[in-house]
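2 protein chains.
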Amino acid sequence: MKGTIRLGIIGGGQLGKMLIQSAMDFNIEIHVLDGDAQAPCRPLAHHFTIGNIEGEQTVIDFGQGLDVVTVEIERISVRGLEYLQQKGIKVYPQPHALRIIQDKRLQKQFYAEYQIPTADFVLTENKEEVKKLAQKWLPAVHKIGKGGYDGKGVVVLNSEKDLEKAFDAPAVLEKKVNIAQEISVIVARGIDGQTSVFPPVASVFNPELNLVDYLIAPADISEKIVAEANELAVKIIEKLDMVGLLAVEFFLSESGDLLVNEVAPRPHNSGHHTIKACYTSQFEQHIRAICGLPLGNPTQHTPAAMINLLGEKGYEGVAHYEGMEKALQTDSVFVHLYGKAITKSGRKMGHITVLAPDKNELMQKITQLKDAIKVVAK
Amino acid sequence: MKGTIRLGIIGGGQLGKMLIQSAMDFNIEIHVLDGDAQAPCRPLAHHFTIGNIEGEQTVIDFGQGLDVVTVEIERISVRGLEYLQQKGIKVYPQPHALRIIQDKRLQKQFYAEYQIPTADFVLTENKEEVKKLAQKWLPAVHKIGKGGYDGKGVVVLNSEKDLEKAFDAPAVLEKKVNIAQEISVIVARGIDGQTSVFPPVASVFNPELNLVDYLIAPADISEKIVAEANELAVKIIEKLDMVGLLAVEFFLSESGDLLVNEVAPRPHNSGHHTIKACYTSQFEQHIRAICGLPLGNPTQHTPAAMINLLGEKGYEGVAHYEGMEKALQTDSVFVHLYGKAITKSGRKMGHITVLAPDKNELMQKITQLKDAIKVVAK
Numbered sequence: 082m083k084g085t086i087r088l089g090i091i092g093g094g095q096l097g098k099m100l101i102q103s104a105m106d107f108n109i110e111i112h113v114l115d116g117d118a119q120a121p122c123r124p125l126a127h128h129f130t131i132g133n134i135e136g137e138q139t140v141i142d143f144g145q146g147l148d149v150v151t152v153e154i155e156r157i158s159v160r161g162l163e164y165l166q167q168k169g170i171k172v173y174p175q176p177h178a179l180r181i182i183q184d185k186r187l188q189k190q191f192y193a194e195y196q197i198p199t200a201d202f203v204l205t206e207n208k209e210e211v212k213k214l215a216q217k218w219l220p221a222v223h224k225i226g227k228g229g230y231d232g233k234g235v236v237v238l239n240s241e242k243d244l245e246k247a248f249d250a251p252a253v254l255e256k257k258v259n260i261a262q263e264i265s266v267i268v269a270r271g272i273d274g275q276t277s278v279f280p281p282v283a284s285v286f287n288p289e290l291n292l293v294d295y296l297i298a299p300a301d302i303s304e305k306i307v308a309e310a311n312e313l314a315v316k317i318i319e320k321l322d323m324v325g326l327l328a329v330e331f332f333l334s335e336s337g338d339l340l341v342n343e344v345a346p347r348p349h350n351s352g353h354h355t356i357k358a359c360y361t362s363q364f365e366q367h368i369r370a371i372c373g374l375p376l377g378n379p380t381q382h383t384p385a386a387m388i389n390l391l392g393e394k395g396y397e398g399v400a401h402y403e404g405m406e407k408a409l410q411t412d413s414v415f416v417h418l419y420g421k422a423i424t425k426s427g428r429k430m431g432h433i434t435v436l437a438p439d440k441n442e443l444m445q446k447i448t449q450l451k452d453a454i455k456v457v458a459k
Numbered sequence: 082m083k084g085t086i087r088l089g090i091i092g093g094g095q096l097g098k099m100l101i102q103s104a105m106d107f108n109i110e111i112h113v114l115d116g117d118a119q120a121p122c123r124p125l126a127h128h129f130t131i132g133n134i135e136g137e138q139t140v141i142d143f144g145q146g147l148d149v150v151t152v153e154i155e156r157i158s159v160r161g162l163e164y165l166q167q168k169g170i171k172v173y174p175q176p177h178a179l180r181i182i183q184d185k186r187l188q189k190q191f192y193a194e195y196q197i198p199t200a201d202f203v204l205t206e207n208k209e210e211v212k213k214l215a216q217k218w219l220p221a222v223h224k225i226g227k228g229g230y231d232g233k234g235v236v237v238l239n240s241e242k243d244l245e246k247a248f249d250a251p252a253v254l255e256k257k258v259n260i261a262q263e264i265s266v267i268v269a270r271g272i273d274g275q276t277s278v279f280p281p282v283a284s285v286f287n288p289e290l291n292l293v294d295y296l297i298a299p300a301d302i303s304e305k306i307v308a309e310a311n312e313l314a315v316k317i318i319e320k321l322d323m324v325g326l327l328a329v330e331f332f333l334s335e336s337g338d339l340l341v342n343e344v345a346p347r348p349h350n351s352g353h354h355t356i357k358a359c360y361t362s363q364f365e366q367h368i369r370a371i372c373g374l375p376l377g378n379p380t381q382h383t384p385a386a387m388i389n390l391l392g393e394k395g396y397e398g399v400a401h402y403e404g405m406e407k408a409l410q411t412d413s414v415f416v417h418l419y420g421k422a423i424t425k426s427g428r429k430m431g432h433i434t435v436l437a438p439d440k441n442e443l444m445q446k447i448t449q450l451k452d453a454i455k456v457v458a459k
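Heads up: the protein sequence lines correspond to chains E and S, in order. Residues in the first sequence are numbered consecutively from 82, following our numbering. Residues in the second sequence are numbered consecutively from 82, following our numbering.
Mixed in with the good hints, there may be bad ones.
Pairs count within a copy or across copies, as identical chains cannot be separated in the list.
Only pairs whose alpha carbons sit at most 30 Å apart, straight line, appear in this in silico DSS-like list of lysine-lysine [claimed, not checked]:
(1) Lys316 / Lys407
(2) Lys257 / Lys246
(3) Lys429 / Lys357
(4) Lys168 / Lys459
(5) Lys440 / Lys227
(6) Lys407 / Lys320
(7) Lys233 / Lys217
(8) Lys320 / Lys208
(9) Lys407 / Lys357
(10) Lys455 / Lys429
(11) Lys212 / Lys451
Calculated directly from the structure, the hints in this document are not laboratory data.
Between the sequences and the hints, there should be enough to build the whole structure, so can you do that?
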């Protein structure tokens, strides 16, 4: 390896923080750009710039002089990244892939173009159009084209009385899928085109907050579905011609169809268990991919569950973690706090990874732990 | 857990760096004291103080106002730590244990006092005394009482012609043991007195540099010896009445006796593989112990080897790592660089962890990898 690599990370949240934890093993000099002066990455980065990640010039100024630039969030200035790429800076994921992924409309068209199975959809420009399409398409899910994240920008339209919730902006109207399971596959692709896939995980959602409640890895699905999901994940990252990590979220329908829901071109919430349960973590894998190093072994050595630690409903203020000591008394329970000073209702404040030799023991531990730790304000 | 813990680490080298990597999961605010402005911890700590770790007042000034103070090196001002402890700051390992361990003479007397098996020894005050004792004690090992580390401060006296190498200072003269294997056990002890032991590892030394060449975990020793080593490690940490990690280095003699060589009250080179091969790493275990959290599961999930990356002989200057990409092409090979800008002959610049399903495959990989990465200056 040549001298120290100067790596820029756009976005300074928990994904960036865990990337830094891994990058520290490779003597990488870390530069972070985020609009929040209190971002989790701030105290850990070599250089931290406060600035608007959606600002073209801000991104350009940040990236100039770095060797590699990556992102831990999609809502960034793609034009800024394009400029940096033209100047010879390595930008992974590449701007062309980010442009597609940033806009759910382009993402769906990309799936259609490459015969990648996904829920039937139609593009809509405004609320009026959705109302006109209602009879044919309901029950449906309406997803805003740009700017949605963490469940925001998505509404379920079960019947005509829900239509007022539809977005009055460019969006995608999708046939609602009868979901048997939600699974996720994280695939990595190196600069040389080599790919590597982590074992699929299954997510269990908290319907109230529309956020992952807990995750089981590996997912309890047939080998046929595993192979299909892996193949699709590799196909998508190859067709996107992208370097880095891509998290592919699937719906497994009640009729047994595997449909791509959406993708994220970065480390992902559904890969946090890899830190403790796989030989190579998703964060190390991303670093290896974007720095031109050989990809690591993604094998999972122990069954795992991951529970998000969300800010308790009704609390806002300086975070306190109740029940930590008790939770850690359970064998093979690991806590990862994100270093966010302020908790808010439903904010991702950390996660717990639980390991167990088999699924039964895992389920028992999850039941014990699900509400063991409360993130409150005092 | 109450609000953020402010943790002081005295010493800013690679052990401190890997402690920080782990502490980041617990929202711990890290303060580091080291005399070297270029110490590996500097860019990663929340607060970095440049100062003499052996200076009593420097240590006091550093520790005031912190919640917990720990060390990643033994050569620090114990008097400074004692003062902090009296002021109510939690100091782990405790000063009374550090005082014994810092001085190899006190350490040996401690073993004798508690009937802990160790090589026969006699205390010597100067070179003249060693010469007088030669006939009875040679072949012997002469260890300086204070200030030795990483093989420095130790000379082997095989015959009378070696006697000029003996230390002309307070030291220990030990009967030379016919060593079949060197093994190491890392034990952790919590504030509540709970203990937990990592599986024993075997070290293979580089005789030229007197530094560990590579390490195999778990060690290939009988269950009886494992039980004996674990029991002794627990006994020592309990008799020292110490909180934190204690690495206990043993000689297994050709006649089958297990003898304590020496101990280190902190994370240790012989525990680096735990990051990748055990459910809980030695660094996380130390953090849990000294922060009053329940200890983690130390079980090793996969056989491992650890190879130190030492600065190549004859090179001094800005470090370059040759062969990294090639080494990482081997399955389940992981690199941990310490972020030291300058390489020197024999300096610990990083380590490689190799995982394999069985010992045979592990040995094959070690043979391939041993000289794969060279740390040179350009």
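Point to revise | Violated constraints from the hint list, given by number and in increasing order | key: 5, 8, 11
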